[in-house]
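Participant: In order, the protein sequences belong to chains A and B. According to this note's numbering, the first sequence holds residues 54 to 359 in order. According to this note's numbering, the second sequence holds residues 14 to 372 in order.
Simulated from the structure, these hints should not be mistaken for laboratory data. Check each hint, because a few of them may be wrong.
With a straight-line Cα cutoff of 20 Å, these simulated SDA-like cross-link-like pairs (lysine to any residue) come out [as the list claims (entries may be wrong)]:
1) A:K94 to B:D357
2) B:K93 to A:G96
3) A:K123 to B:I224
4) B:K217 to A:D307
5) B:K175 to B:Y203
6) A:K123 to A:D307
7) B:K217 to A:D114
8) B:K164 to B:E262
9) B:K354 to A:Q95
10) B:K164 to B:D266
11) B:K354 to A:G99
12) A:K94 to B:A117
13) B:K217 to B:G355
14) B:K93 to A:E316
15) B:K227 to A:N313
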Amino acid sequence: MDSWRKFPLVFWLFSLPPTLWLLLFFLVPLGLIWLFSFGEKQGIVGIDITWTLANYARALDPLYLQIFVKSFWFAGLTTLICLLVGFPVALAITFAPARWRPVLLLLVILPFWTNLLIRTYALIAVLRTRGFLNDGLEWTWEGANALLTLVGLGDLNLLGERFQPFELLYNNFAVVFGLVYVHLPFMVLPLYAALDRMDKSYLEASLDLGASQLRTFLSVVAPLAMAGIVSGCIITFIPALGSFLTPDLLGGPDSQMIANVIESQFKSANDWPFGAALSFLLMYVTFFVLALRAFMTRGRAGLDAA
Amino acid sequence: MKKRHMTALSRRSFLAGMGAVAAGITFMPRRGFGQEEEKLVNFYNWDTYIGETTLGDFQAATGIEVKMDLFADNDELFAKLREGNPGYDLIVPTNDYVERMIVADMLVPLDHSAIPNIENLGEAFRDAEFDPGRKYSLPYMWGTIGIGYRKSALDEVPDSWKWLYDSDKYSGRIALLSDAGTIIQMGLKYLGQPLNATDPELIKQVEEMLIRQKPHIKSFAEDNGQDLLLSGEVDLTMEWNGDILQVMEEDDDLDYVVPKEGGLIWQDCLCIPKGAPHPQNAHALINFILDAEAGRDIAEFIYYATPNAAARALAEDAYKSNPAIFPPDETIAMLEASIYKGEDYQRLVDEAITRVRAA
Chain A
54 MDSWRKFPLV FWLFSLPPTL WLLLFFLVPL GLIWLFSFGE KQGIVGIDIT
104 WTLANYARAL DPLYLQIFVK SFWFAGLTTL ICLLVGFPVA LAITFAPARW
154 RPVLLLLVIL PFWTNLLIRT YALIAVLRTR GFLNDGLEWT WEGANALLTL
204 VGLGDLNLLG ERFQPFELLY NNFAVVFGLV YVHLPFMVLP LYAALDRMDK
254 SYLEASLDLG ASQLRTFLSV VAPLAMAGIV SGCIITFIPA LGSFLTPDLL
304 GGPDSQMIAN VIESQFKSAN DWPFGAALSF LLMYVTFFVL ALRAFMTRGR
354 AGLDAA
Chain B
14 MKKRHMTALS RRSFLAGMGA VAAGITFMPR RGFGQEEEKL VNFYNWDTYI
64 GETTLGDFQA ATGIEVKMDL FADNDELFAK LREGNPGYDL IVPTNDYVER
114 MIVADMLVPL DHSAIPNIEN LGEAFRDAEF DPGRKYSLPY MWGTIGIGYR
164 KSALDEVPDS WKWLYDSDKY SGRIALLSDA GTIIQMGLKY LGQPLNATDP
214 ELIKQVEEML IRQKPHIKSF AEDNGQDLLL SGEVDLTMEW NGDILQVMEE
264 DDDLDYVVPK EGGLIWQDCL CIPKGAPHPQ NAHALINFIL DAEAGRDIAE
314 FIYYATPNAA ARALAEDAYK SNPAIFPPDE TIAMLEASIY KGEDYQRLVD
364 EAITRVRAA
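Make the full structure from the sequences, and use the hints.
Facilitator: So this is what it looks like as structure tokens:
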């Protein structure tokens, strides 16, 4: 491919539409919200840009910091579970026969083709008191109870008098479950990409030289796939941190994440400057995480090229 | 050679650019040159809040097409219109939001001469405290907020807010609405205080009561409390009467009651926001909705109380005499309407509920 420097006009012609789009529909609105975060409410709908730091000061109130911490905790837990579940899945796809790999990848990507809202409603249908999971468990319970009655132990009520459905919805469990469900493909795909690039002969060498399977995994596979692990974690953590739909629909009175608070500032509280300040605090944290990642992978460029 | 390359590209890219501009121009909205509005009206309405055939009937009667968009709550409506009207002609805010929009100068005064069906309205609705002289709004539906419940799961009629706010009897089987203002207002009613109290001390009391009650509350349902009731997730829920009535049709075991401490009486109104592209068509739609027969069709379909006396007269008995739709006078005496209490109050209740949910 020729260097673009030879045909600057072509370069500018091609890059102008996306640059304009980015400028007009991303940077300008973002800049507006950034300005709002330094503003004050004027009447009901007005916002005065007074360059005040009062909104940021209020955002650092213990009440909101506590919600930030809870959001970090949820997002971190989600990322960890996704990693623990996603790594075996990615490994399985990598070592599957070549003709099965596209099918398996399709199965992972297929949920993306359905809207997030619909997937979350589907989870409600699965997890609620008279949902599929509880109905299935009730069926198993009744079967077991019937068996016991057959054996003659029915009167003892060993399994309890009545099936008590599990409280799987409208609590923090449901929120984390929902977040993991939604973000799992984000973790599996970068992991698969990294594992695919890995030279399998390293594994053979390691096993030949006497290392156990576990040792091979920890000392050879994991370090080689580290770039994929880091990408996967970041792509999972950041959206999970900012998710508001899942806690809204699946969560209980306890499951308020920072994005829900931001949403209420823009709607019921009608306090856009404060909402903007909270959003930007979230954004600064995101930038920090990304900068951390760039810093950490700085030295690894050599390893990737190998 | 470089120079020739550049000229050839310049001419080609210039022609391509002109083609793109020409294509762009054809997609711009066509502005008629006459006074006639195009035969369209953009209606921004609540979900399940219009009759089954109303919009089709309106189009058949006047030839004007109705495009209806849906919103889930007043805050969404307000947030959408705050920074300028995105093109809606007719909106349906609740009474306290009508007040707020009037203060914020977001509404267009209605031309009563274009709406002769105003004569159909009941006496009580010809004027309103939140909109003197009905200058900016006309009533659409009114109703109450109370408790929907499953009869077989409870041993008595839950006619007090206590079961939702201050008791662990039905722990894990309770749902409340999620709107901060509504939760606080009902809590104040339970404590025997006026619904529109703004004293931070009182709001703190409600907040603390809610924090104590939170372990027993299953969910702060945004607008689907009636679905939770129907599917058996909860046995008691704070909800609008019309929503509960709609699920009562599907399940005989459900019922609705207004607690004895009182509750909220609300009124949804038809308004025209500033910057509406088709105000004349909007007036025509308002007039059609206030027609006796169209009003009856809407009321019998969505099962909310209609302020349209002529429509009510035409309606079936099951609707007219339903105490959940038209509560008896003693109940109405206990109900209060919400007024717009200023932006500081909004911030106060929002923070209170954020604290409740974070506790």
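Participant: So, for every hint listed, does it hold in this structure?
Facilitator: Status of the hints after comparison with the structure:
no.	hint	verdict
1	A:K94 to B:D357	holds, 10 Å
2	B:K93 to A:G96	holds, 17 Å
3	A:K123 to B:I224	holds, 18 Å
4	B:K217 to A:D307	holds, 19 Å
5	B:K175 to B:Y203	holds, 7 Å
6	A:K123 to A:D307	holds, 10 Å
7	B:K217 to A:D114	holds, 18 Å
8	B:K164 to B:E262	holds, 14 Å
9	B:K354 to A:Q95	holds, 16 Å
10	B:K164 to B:D266	holds, 6 Å
11	B:K354 to A:G99	holds, 18 Å
12	A:K94 to B:A117	holds, 13 Å
13	B:K217 to B:G355	holds, 18 Å
14	B:K93 to A:E316	holds, 13 Å
15	B:K227 to A:N313	holds, 18 Å
In this structure, every one of the numbered hints holds.
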